[in-house]
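Protein chains: 2
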Amino acid sequence: MAKRVTGPEIEKLIQLLAKVPGLGPRSARRAALHLVKKKDQLLGPLAAAMGDAYAKVRICSCCGNVDTSDPCSVCTDDRRDNSVIIVVEDVSDLWALERASAMNTAYHVLGGTLSPLDGVGPDDLNIKGLIERVSKGGVRELIIAVNATVEGQTTAHYITDQLDGLDVKITRLAHGVPVGGELDYLDEGTLTAALRARTVI
Amino acid sequence: MAKRVTGPEIEKLIQLLAKVPGLGPRSARRAALHLVKKKDQLLGPLAAAMGDAYAKVRICSCCGNVDTSDPCSVCTDDRRDNSVIIVVEDVSDLWALERASAMNTAYHVLGGTLSPLDGVGPDDLNIKGLIERVSKGGVRELIIAVNATVEGQTTAHYITDQLDGLDVKITRLAHGVPVGGELDYLDEGTLTAALRARTVI
Numbered sequence: 010m011a012k013r014v015t016g017p018e019i020e021k022l023i024q025l026l027a028k029v030p031g032l033g034p035r036s037a038r039r040a041a042l043h044l045v046k047k048k049d050q051l052l053g054p055l056a057a058a059m060g061d062a063y064a065k066v067r068i069c070s071c072c073g074n075v076d077t078s079d080p081c082s083v084c085t086d087d088r089r090d091n092s093v094i095i096v097v098e099d100v101s102d103l104w105a106l107e108r109a110s111a112m113n114t115a116y117h118v119l120g121g122t123l124s125p126l127d128g129v130g131p132d133d134l135n136i137k138g139l140i141e142r143v144s145k146g147g148v149r150e151l152i153i154a155v156n157a158t159v160e161g162q163t164t165a166h167y168i169t170d171q172l173d174g175l176d177v178k179i180t181r182l183a184h185g186v187p188v189g190g191e192l193d194y195l196d197e198g199t200l201t202a203a204l205r206a207r208t209v210i
Numbered sequence: 010m011a012k013r014v015t016g017p018e019i020e021k022l023i024q025l026l027a028k029v030p031g032l033g034p035r036s037a038r039r040a041a042l043h044l045v046k047k048k049d050q051l052l053g054p055l056a057a058a059m060g061d062a063y064a065k066v067r068i069c070s071c072c073g074n075v076d077t078s079d080p081c082s083v084c085t086d087d088r089r090d091n092s093v094i095i096v097v098e099d100v101s102d103l104w105a106l107e108r109a110s111a112m113n114t115a116y117h118v119l120g121g122t123l124s125p126l127d128g129v130g131p132d133d134l135n136i137k138g139l140i141e142r143v144s145k146g147g148v149r150e151l152i153i154a155v156n157a158t159v160e161g162q163t164t165a166h167y168i169t170d171q172l173d174g175l176d177v178k179i180t181r182l183a184h185g186v187p188v189g190g191e192l193d194y195l196d197e198g199t200l201t202a203a204l205r206a207r208t209v210i
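Protein chains in written order, with this note's numbering: chain A, 10 to 210; chain B, 10 to 210.
Because the hints were derived from the structure by calculation, they are not lab data.
Misleading hints may appear alongside valid ones.
The list treats identical chains as one, so a pair stands whether inside a single copy or across any two.
Said to hold, decoys possible - Okay, derived cross-link-like pairs now, BS3-like style, lysine-lysine, Cα gap no bigger than 25 Å in a straight line:
1) Lys21 - Lys47
2) Lys178 - Lys65
3) Lys28 - Lys137
4) Lys48 - Lys178
5) Lys47 - Lys137
Model, not experiment: these values are computed from the prediction.
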């Protein structure tokens, strides 16, 4: 803005909100104005929640999940089957799989995928921690749930190689037609995989 | 989420972020994770900026703008022509007009429009304050820049009636084709207005 129409504190708030994913410069202004109007219902509580999260957030030293305790809520949940570990790229994948509520297992967050072009090698990911967890024993299955991208598959192969010789079953997610998906819109690779893995009705 | 996958502080942050306009439950989760990952670059500064804005935000007692000082940056700006007041519905309209930088005037925020169906009468809007500002003298033009809706136009007429007898010129924004707009997509009302208000090239 050419001329000052509001205080520097509000300008600063708009600038920072614009960096939040999902908000741009325009929607950040709208959001800031809404927050300021709902000062007591929203701005105050949100400021407090952010301060609280800032003070308490931890990365779980066991699985890599984001939580306010270390070890995290997932690792300390004794109703889970800790002999099965689902290996994911990112914390958001862990949360997504938990929303599906299909399994009740432990997790391991790699923090990315191997990508030599971007300079991401095995030491940049939490692979050493995974090998340590499996080496300690008590793990019977490792479900590698990385994205179905080239980098994801490379990472899956690397992990499988590293765990060679250890007594653990390594599985990966099934490929196929997404539930609710239309065949017409799917790529050849997915259709081929779905045909090959067909099941008896 | 059925089972706890993260701390209550982060859950709370997600819940509150979902109430920010532009973010929904899904994008709030993504935003919270991004904030937590960029703890020192984004979460901390944003928490501080929100706390700061919460403590300092004021509604300008003169024009109704949102600022951290009262009177606000616009009202105290002595490079502005205070004999012209642009009357707007909302603070966001004030900011939008300021971004256009077309005029260098004072403003007056009504805080809404007359809407009998929603129970919004003249006393719920900042109309009394406007009449007081004009009655004090020194105002030669009032530009009524309310939205081109039925409620907006009703409000404009009401204000014009109330100011009857006071020595002030009252104008409204021109109707016409938006700059960059295509005729094909415009409604009949806009096209009629644009034809009637045609200008010599």
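- prompt: In ascending order, which of the hints set out earlier in this document are inconsistent with the structure?
  reply: Going through the list in order, the structure violates hints 2, 3 and 4 and respects the others.
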